[in-house]
Amino acid sequence: MAIELSLGDIAAHLGGELIGDANVRVNRIGPLEGATPSTISFLSHPKYQSQLAGSAAACVLVSPAMREAAAARGAAIVLDDPYLGFARLTQLWAQHLRPPATPGVHASAVIDPTASIGAGASIAAFAVVDAGAVVGEGAVIGPHCHIGANAAIGAKTRLASNVSVGFGCSIGQRGIIHGGVVIGADGFGFAPVGGRWEKIEQLGNVRIGDDVEIGANTCIDRGALADTVLEDGVKLDNLVQIGHNVRVGAHTAMAGCVGVAGSATIGAHCQIGGGAVVLGHLTLADRVIISAASVVMRSILKPGQYSGVFPIDDNAAWEKNAATLRQLHGLRERLRALEKKTP
Amino acid sequence: MAIELSLGDIAAHLGGELIGDANVRVNRIGPLEGATPSTISFLSHPKYQSQLAGSAAACVLVSPAMREAAAARGAAIVLDDPYLGFARLTQLWAQHLRPPATPGVHASAVIDPTASIGAGASIAAFAVVDAGAVVGEGAVIGPHCHIGANAAIGAKTRLASNVSVGFGCSIGQRGIIHGGVVIGADGFGFAPVGGRWEKIEQLGNVRIGDDVEIGANTCIDRGALADTVLEDGVKLDNLVQIGHNVRVGAHTAMAGCVGVAGSATIGAHCQIGGGAVVLGHLTLADRVIISAASVVMRSILKPGQYSGVFPIDDNAAWEKNAATLRQLHGLRERLRALEKKTP
Amino acid sequence: MAIELSLGDIAAHLGGELIGDANVRVNRIGPLEGATPSTISFLSHPKYQSQLAGSAAACVLVSPAMREAAAARGAAIVLDDPYLGFARLTQLWAQHLRPPATPGVHASAVIDPTASIGAGASIAAFAVVDAGAVVGEGAVIGPHCHIGANAAIGAKTRLASNVSVGFGCSIGQRGIIHGGVVIGADGFGFAPVGGRWEKIEQLGNVRIGDDVEIGANTCIDRGALADTVLEDGVKLDNLVQIGHNVRVGAHTAMAGCVGVAGSATIGAHCQIGGGAVVLGHLTLADRVIISAASVVMRSILKPGQYSGVFPIDDNAAWEKNAATLRQLHGLRERLRALEKKTP
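Residue numbers (the working numbering), protein chains in the order written: chain H, 64 to 406; chain A, 64 to 406; chain C, 64 to 406.
Please note: incorrect hints may appear among the correct ones.
Which copy is meant is left open, so a pair is good if it fits within one copy or across any two.
[To be verified] Calculated pairs, DSS-like style, for lysine-lysine (alpha carbon to alpha carbon, straight line, at most 27 Å):
{"no.": "1", "residue 1": "K365", "residue 2": "K383"}
{"no.": "2", "residue 1": "K262", "residue 2": "K219"}
{"no.": "3", "residue 1": "K262", "residue 2": "K110"}
{"no.": "4", "residue 1": "K262", "residue 2": "K404"}
No lab work stands behind these hints: they were computed from the structure.
Taking the hints into account, I'd like the entire structure generated from these sequences.
The structure is reproduced here in structure tokens:
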């Protein structure tokens with residue numbers, strides 16, 4: 064698994080100016096601190112500048128503003144956006160590191176004769192592709208995946224192991240769907256009838272745009288009547304729950320364990336912190352940032368950052384404050400009464 | 064996938080009085096607002112009554128009280144409970160929409176010779192059914208499911224893909240188990256021994272009643288000594304965690320991401336909002352409603368709605384209030400002191 | 064499934080002193096209360112002592128301090144740590160109760176010729192083991208598991224159904240990995256570039272120590288550059304999320320639905336309650352206890368118990384207090400003003 068690349072090849076791939084010997088080879092990407100002479104590193108934020116001079120890294124990705132400081136130290140690749148450069152460098156690395164999928168259909172896979180498998184697609188062992196489903200060119204379907212009837216997987220989209228995509232659901236191009244994801248289970252809908260629940264069958268689908276990444280064991284329910292929609296560029300972390308009829312705007316990111324209840328509409332370019340909950344039927348504007356573990360109980364129509372978390376404390380202090388909190392409204396009334404008495 | 068049904072057939076199925084032409088055909092279910100001339104709609108709540116007259120829907124499901132108003136507009140089906148009628152209409156739709164399971168055992172499935180497969184059951188590709196397991200009549204076992212030894216799946220119960228049911232666990236009739244559900248993993252039990260954890264093997268099973276629906280990737284642990292029990296009609300959404308020895312009463316519903324810790328006893332007809340947490344060994348009475356994201360830290364013995372969530376605010380306001388909250392008990396003491404001083 | 068063991072065999076297995084007839088047989092483990100004459104029970108905490116005399120149990124595990132009280136009642140096994148004895152008794156029971164794995168590779172499994180399968184290992188139906196992977200001696204790989212390229216599963220480690228272990232990841236010896244666990248999905252890393260997210264490929268692995276148990280549908284992401292690490296003896300419950308580059312110290316336990324964000328470092332012997340969230344890049348010292356559903360927003364460098372949960376209340380009371388909470392900082396200012404006015 065040893066990967067070794069020359070600075071020349073890296074600079075060419077990233078499209079930056081190389082200062083230093085193009086033949087020097089690196090075998091590791093790492094932060095400035097702790098870098099070895101075979102590490103390629105990056106300076107993406109001014110706050111790490113103090114670590115530059117003393118770093119043993121073979122080469123550092125830097126911005127034009129850092130060109131001279133970096134050159135004084137040793138080899139460097141100058142890029143307009145070194146953090147983007149770092150991201151692209153990891154992509155170059157991954158091309159060598161990640162085991163490549165084998166194009167073609169594994170002998171054990173069960174493919175309905177009416178399904179369509181695009182050129183260069185890879186269908187792994189024990190995958191099941193149902194009637195009328197379409198797998199795009201160069202797509203990768205991992206072991207034990209289930210693609211339901213008439214579902215569509217876009218070109219170059221990759222599904223890891225044990226992913227299920229329900230009938231009629233679709234994923235765009237270049238998506239990455241991690242292990243155990245369930246797309247298109249029934250939304251949670253019931254009519255109360257004399258103390259029991261009558262099922263409202265979920266007749267919509269899930270439609271997912273291009274360049275969407277979905278973390279492991281995340282669930283995205285099909286819509287009740289219309290569809291559940293993730294627009295282009297959405298990124299969901301692991302164990303996220305997206306209820307029926309939710310719409311998530313383009314390039315919105317949600318960290319792990321977020322729950323979005325049914326029929327919520329979330330704008331584009333939002334960021335939802337880990338463990339946050341968005342209640343049903345709410346609207347979040349574009350560019351809303353929700354802090355981790357906060358609960359959105361009303362629509363938020365203005366961009367900005369919103370929070371709502373009980374501050375953690377040592378247990379004894381928390382117990383006192385939490386007990387008092389249950390009398391808070393009363394305390395306000397008492398304060399008001401005092402204010403009236405005090406001239 | 065185009066579904067088209069006549070109003071006559073629909074009225075007959077729902078058992079309501081049809082006002083209008085029985086031969087008119089509809090191809091979509093939808094709300095009054097936005098309905099097209101081929102949409103069948105419903106008026107289930109008086110607050111939407113204002114949308115009735117102007118709706119272009121081909122037909123509207125209404126209650127007897129709305130009979131005349133609906134007839135003045137156009138076709139209608141009159142039902143005692145139009146929302147129940149809507150639910151049954153989605154069920155009729157789903158019969159046409161959902162790809163039917165193929166009865167019989169797929170050639171690739173691995174069925175232990177001592178397992179029993181009921182008449183008309185469907186066992187999909189790559190399913191595994193272990194020794195002594197019983198699959199009821201008309202049950203559907205999806206691809207990549209694993210039914211452990213001596214487990215029992217009731218008649219007409221449907222398991223989607225990648226479901227695992229542990230040895231000795233049982234599910235009643237007409238259940239719906241969505242993708243990735245894990246029933247019967249070990250409960251979380253350890254004895255602390257000199258700084259490490261000694262496993263307490265979990266010897267109970269999971270017993271699930273009739274008409275239970277369980278959402279995608281939800282987990283229900285087996286009991287430690289006795290069983291974990293879900294009674295008839297329980298509905299769990301996605302990514303719910305049910306700890307060992309929990310008992311959930313009949314017709315209780317839990318939304319996504321709820322966690323119920325071990326040995327909690329939850330009554331019948333409860334509703335637990337998304338992301339709520341119920342601590343271990345607590346009791347909830349029948350008909351308790353827990354708001355989303357609330358944490359139940361003590362038993363609740365009276366029906367009613369209970370909440371406990373820090374209100375979300377813009378981040379700057381939250382920071383101020385949260386910081387002050389950590390001094391709340393002290394503020395109360397200061398208020399008391401002031402009260403003593405003020406005549 | 065009827066298990067029956069003699070008190071003599073049990074005492075020999077547990078290494079304790081038997082008081083009473085070694086030939087008496089028991090078929091059930093249970094608490095003192097409700098014990099039948101064929102139940103073996105235990106007294107692990109003085110608070111249950113009052114139940115001892117009246118219990119109908121065939122035999123009770125007790126500490127030396129309880130020797131006489133127990134002997135006065137009937138049969139007993141005297142052990143230094145009766146709760147550990149109870150744990151070991153469950154293990155003895157499980158040896159008889161749990162269906163044994165069949166050693167050898169199931170005919171349907173797909174094993175790369177370069178993978179290595181240890182002696183006595185069991186590879187179930189439809190398992191997939193990729194190139195260069197190593198499965199240790201006596202390990203158990205359940206149905207529909209996927210072991211990625213060059214991954215390593217330690218000796219005697221057991222994987223239930225539908226587990227996926229990503230390429231290059233490793234699990235130590237005697238581990239228990241429950242159904243649906245995803246080890247080694249990509250960490251959640253993106254560089255923001257002009258309003259969209261550029262993927263930072265995740266180049267690290269997951270390294271898991273010995274004697275680790277991981278609950279159903281839990282996710283452990285691979286590191287970005289370095290590895291994500293779970294040290295020996297860690298116990299994770301179901302639906303836990305461990306972000307990239309997290310390090311969890313030895314013998315730390317996390318209950319269900321915990322989320323740990325990227326690059327957090329959690330000490331040894333910690334206990335994290337169910338539904339708690341630990342934000343990224345934080346440090347928790349050894350022996351820190353986090354109460355259920357609390358949110359850790361700053362590093363905690365001292366052992367102890369920490370909490371932060373809004374107390375639940377009836378909904379009307381909560382609404383009043385929560386509304387007032389949003390004015391809390393202002394209330395403090397008003398209190399200050401009053402204090403200045405009051406002599």
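Fill in: Identical-chain pair category, K365 with K383, by Cα at 27 Å
between (35 Å within a copy, 20 Å between copies)
Item to complete: Have a look at K262 and K219 and pick one of within, between, both or neither, based on CA distance no larger than 27 Å.
Response: between (37 Å within a copy, 15 Å between copies)
Item to complete: Classify it for me, K262 with K110: is the Cα-Cα distance of at most 27 Å met within a copy, between copies, both or neither?
Response: between (56 Å within a copy, 23 Å between copies)
Discussion item. Within, between, both or neither: how does the pair K262, K404 come out at a Cα-Cα threshold of 27 Å?
Written reply: neither (59 Å within a copy, 62 Å between copies)
Against the hints set out earlier in the document, a violation occurs for number 4 only.
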